[in-house]
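J.: Heads up: the protein sequence lines correspond to chains A and B, in order.
Position 178 of the first sequence, counting from 1, maps to 210 under the numbering used here, and the rest follow consecutively.
Position 272 of the second sequence, counting from 1, maps to 988 under the numbering used here, and the rest follow consecutively.
Don't read these hints as lab results, they were simulated from the structure.
One thing to keep in mind: the hints can contain errors.
Unchecked claim - Computed Cβ-Cβ distance ranges for the label pairs, DEER-style: (1) A:333 with B:827: 22 to 30 Å; (2) A:464 with B:757: 52 to 60 Å; (3) B:891 with A:275: 42 to 50 Å; (4) B:853 with A:310: 17 to 25 Å; (5) B:956 with A:333: 47 to 55 Å; (6) B:945 with A:109: 53 to 61 Å; (7) A:178 with B:855: 33 to 41 Å; (8) B:785 with A:314: 44 to 52 Å; (9) A:340 with B:819: 50 to 58 Å; (10) A:178 with B:957: 25 to 33 Å.
Small disclaimer: the values here were computed from a predicted structure and weren't measured.
Glycine included, each C-beta is placed from N, C-alpha and C at the ideal position.
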Amino acid sequence: MKRPTKGSSALRIGVLLASASLALAACGGSSSGGGGQSGGDPFSGELKVQVYGDWPFVKQNAEAFMKAHPGAKIDVGGITNDDLRQSGGRLFTSDDAPDVVSYTLQPSLMEEWISADALTPLDDVWDNDGIAKTVSETTARIATAADGKKYSVPLGLTQTPYLFYNKDAWAAAGATPPDPNTHQFASVEQFNSAMDALKKAGKVPLSIPGSFIEYMFNAPFQTSCGSAKYQEIATNWKPGGESAAKFTDPCAVKAIDQVSTWAKGGYFAPGLESMTFEQSQTLFDTQKAGSWIMGSWVPPVYEPKDFKWDWAMLPSLGTEPTAHGIGVDSFLVPARAKNPPLAKSFISYMIQKDTLESGMGRIPARTDTDLSKVIKSQLEISLADAAAKGTQVPYWSTTATVSQEQAFAQNVVAGAMTGKISAQDAAQKLQDAGDQYRQQHQ
Amino acid sequence: MTSIAKQTPLPDQRPQEPERRRLLGSHNSHHVMFYGFLLPAIVLTLIFTLYPLIQSLPLMFQRWPGYGKPRYIGFQNIQHLFTDPEFFAAIGRTLWLTAATAAGTVVIGTALAIAFYRKIPLTNTLKFLAFFPVILPPAVYALAWKNALDPTLGWVNKIPGLSHNWLSDPDTAMWAVIFVSTIQYVGIPMILMLSAMNDIPESANDAATLDGCNAWQRIWHVILPMSRDVLVVVIGLQIIGNFKTLDTVYALTKGGPGLATDILPTFIYRQGFELSNFGFASTAAFFGTLLIVALTYIYTHYFRPQKMSNQ
């Protein structure tokens, strides 16, 4: 009998390994196994919560919840908006899905998740807790999905953008500050003069992270077009929501042109595109920048040591004053959550008036809380107070699609700096991004 | 008396011809061993390259955000791709980056190889320094340069005459990327060309010297021609490697500012992982793969290594 050679044995083993590997790879794919809904006691079991890093009150309240309900074991971890934007859908439909997750609503992503059945409806939480009676109409409208259901529970409001300015640096540069009572600039010319004065004094006029640059679009867009048309244009990407108002309308082009002018005028720090949040804060903190564009979540966690500061709205381009832009910090429950009853119980606990007043440290979505118990800094109290009196509109990045945000950064700002893209062309890019989204989702 | 040469061995001691061939190694067992050594690479290529490529083909005709059920959309992705100016612009930038980086690494690498071949002072130390960036993870190396090129804190901007927003200026960002890629990978052509030069018989150099060639003439007429085969392979490897680079560009600029450094890999990444449009990303990846296969075929067809003897 012919004995096989060592070489051909090796070949046979290799072929066997290769076939096994291919078979295993072909069998691979999405994780299987059910999400396991616990239908028992809504106050016991394990709960995995993932929230933003600047929400420390969630962990504190989780510990209080566990003391009150010893059968519950809550693990609080972190997540970022980038995580959610890039892999939220995959996370929510996987075996690793958390039970509760934080999100500042961007409707286009929410609609993607909803259409892929990645989220659990939370209408029962709204009904049981009477949430609709305790939040503003704007908040309720933002939380309502295209199918009429509610997949999020509002916790707090973020308001942006604000110009936090170094009063000492402005005075030294001879920059005229905004009205300390209304926190508004008299005109865009006053704003531009202040920026020029800061630049002349060797300061960076506006410090802002690259990924937040669309904040600069809010005020010009809303005031140039008016609040109603602004919202119409901003949401015309929605399937079935095509409107006559477009980004290419003169009012929107004017707003885009204004942002481009600011960019070309050198009002932003060098290296804007890659500037991180921490770098932008450092520029302001070290007084290299005269102003910082950021949101209402800053005052609870930051206080400059060496200078006095105040806040202002970005200037109006029209006759309408700049409105406070709001986003809604919310809780979501992924469809593959392992313990939805406990998740809903915990969310209900988090939004109770008593819980919020025990020290949430942010502007609550509920309008019936005693703000002085919730937020501590004078600056934040004045922000909340002014917002409550003014007409709030959703800020643009909570209404835009991800592709529109990218188109803005690429074409409006970068395009302005190169001089290669006109405001009209940039407007067309924004409109095209929205049209493409709508066509793909019809 | 019979001479030793004519003595025939005893029949039992001398192996028969067919058996002798088996003991020494036949052609068949040579081939078997050859493919056996190749097998792990073939298996890995099948599993991690060919299989995912084939599996992603149906995605070209679907809309899929990465979760939930894909939706069949026919040829929409292909139609969108071939009418998307950003796709063609990304390809143009990819070809530019590939050509510039390949040229830079090969020219500088070959120059370094020639210098080390001629045994300049501190050859071993300089060889190590030239090759060291190759062994670093590309993202780590790119991030180090990103910090170095930072307009406020980076050390490059403190050098007189070099103060500039290299990565934020659309006119210079791509040059900065080319520079970083070139410096990182110059060690590969350097080491391969040096190895080829060391294989050149000394007699060839001696003959050229005797014929009156100076150093430059020896390099141009002897060393480089005799290293041609390796040079062809090196250029091909650099083209293929640079065509698909993602980590360096992404770590440095993420394709920005604007789209100034947006190349095909960053375009595909953005479409898939940032815009959750895996169907469109797969379409771009497929046609990008076709392009690199075509380029590689053309290159290897026209610059096929010749069989040269080093006599």
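J.: Given the hint of 52 to 60 Å, check if residue 464 of chain A and residue 757 of chain B actually sit that far apart at their C-beta atoms.
T.: Given about 45 Å between the Cβ atoms, the range is violated.
J.: A range of 33 to 41 Å was offered for this pair. Does it hold for the Cβ distance of residue 178 of chain A and residue 855 of chain B?
T.: 39 Å Cβ-Cβ, so the 33 to 41 Å window holds.
J.: For the range 44 to 52 Å, tell me whether the beta carbons of residue 785 of chain B and residue 314 of chain A fit it or not.
T.: Distance hint for residue 785 of chain B, residue 314 of chain A holds at roughly 46 Å.
J.: For residue 945 of chain B and residue 109 of chain A, compare the CB-CB distance with the range 53 to 61 Å and indicate the outcome.
T.: Holds, since residue 945 of chain B and residue 109 of chain A (Cβ atoms, about 56 Å apart) stay within the stated range.
J.: Does the Cβ-Cβ separation between residue 340 of chain A and residue 819 of chain B fall within 50 to 58 Å?
T.: holds (56 Å)
J.: So the hint says 47 to 55 Å: do the beta-carbon atoms of residue 956 of chain B and residue 333 of chain A match that?
T.: About 49 Å separates the Cβ atoms of residue 956 of chain B and residue 333 of chain A, which means 47 to 55 Å holds.
J.: Falls inside 42 to 50 Å, the C-beta gap from residue 891 of chain B to residue 275 of chain A?
T.: Hint holds: Cβ distance 43 Å, inside 42 to 50 Å.
J.: Should the hint that residue 178 of chain A and residue 957 of chain B are 25 to 33 Å apart at their CB atoms be regarded as holding?
T.: Once the Cβ atoms are compared, 46 Å apart, the range 25 to 33 Å for residue 957 of chain B and residue 178 of chain A is violated.
J.: Confirm or reject the claim that residue 853 of chain B and residue 310 of chain A have a C-beta distance inside 17 to 25 Å.
T.: Because 23 Å falls inside the window, the suggested range holds.
J.: Okay, residue 333 of chain A versus residue 827 of chain B on CB: inside 22 to 30 Å?
T.: violated (54 Å)
Violated hints, in rising order: 1, 2 and 10; the structure is consistent with all others.
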